[in-house]
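Number of protein chains: 2
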Amino acid sequence: MSSQLESAMESLIKVFYLYSGKEGDKYKLSKGELVNLLKHELADFLAGSNDPLVVDNMMQDLDENQDGDVDFQEFVVLVATLTVACNEFFIQSEKK
Amino acid sequence: MSSQLESAMESLIKVFYLYSGKEGDKYKLSKGELVNLLKHELADFLAGSNDPLVVDNMMQDLDENQDGDVDFQEFVVLVATLTVACNEFFIQSEKK
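Chains A and B supply the protein sequences, listed in that same order. Per the numbering used here, the very first residue in the first sequence carries number 561; after that it's consecutive. Per the numbering used here, the very first residue in the second sequence carries number 561; after that it's consecutive.
Please keep in mind that the hints were generated in silico from the structure rather than gathered at the bench. One or more of the hints may lead you astray.
Given that identical chains are not distinguished, each listed pair holds provided it fits within a single copy or across any two copies.
Unchecked claim - In silico DSS-like pairs for lysine-lysine, Cα to Cα no more than 25 Å straight-line:
| no. | residue 1 | residue 2 |
| --- | --- | --- |
| 1 | Lys599 | Lys588 |
| 2 | Lys591 | Lys656 |
| 3 | Lys655 | Lys588 |
| 4 | Lys599 | Lys656 |
| 5 | Lys655 | Lys586 |
| 6 | Lys656 | Lys588 |
| 7 | Lys588 | Lys574 |
| 8 | Lys655 | Lys599 |
| 9 | Lys655 | Lys574 |
Make the full structure from the sequences, and use the hints.
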């Protein structure tokens, strides 16, 4: 049986392929697939931003190899960055 | 309700604090806490390595700010690295 950490890691992989497999290269997220993933998996995060270019800017930041897609490694950097930000928020609210 | 991705991110934070809160600075993993986390959460990973210094080496790699502990950001780098490795393994086995 998977531990809590292993299950979380498995979920990251499953979520990625849930959206990356829809069109084009199934090992990468196209911009459309990234938008779809953000809408369904990080709705609060997307809603919290009133910048219409948030996805375009995010795509540019994530797409380190500039191939127009987001591969799994680039996706994990997004998740890690957001998780660290959540943790910082958690620590600040605890210290108040 | 949290999405699958949000739940996975929440789990990463929960697992970290499950082990970091035991001794010393509750926002950081001491070496002992890291060993405990690895034993319970990544047992297969630890078992797969017959290097007695695997944890020492890991601690050195993770502890970027060299304070003798692993903070959440350093922990997330470990998780991201292992998850990317798992994904690579998954892709290679799919392509066979």
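Broken hints, by number: Failing hints, ascending: 2, 4 and 8.
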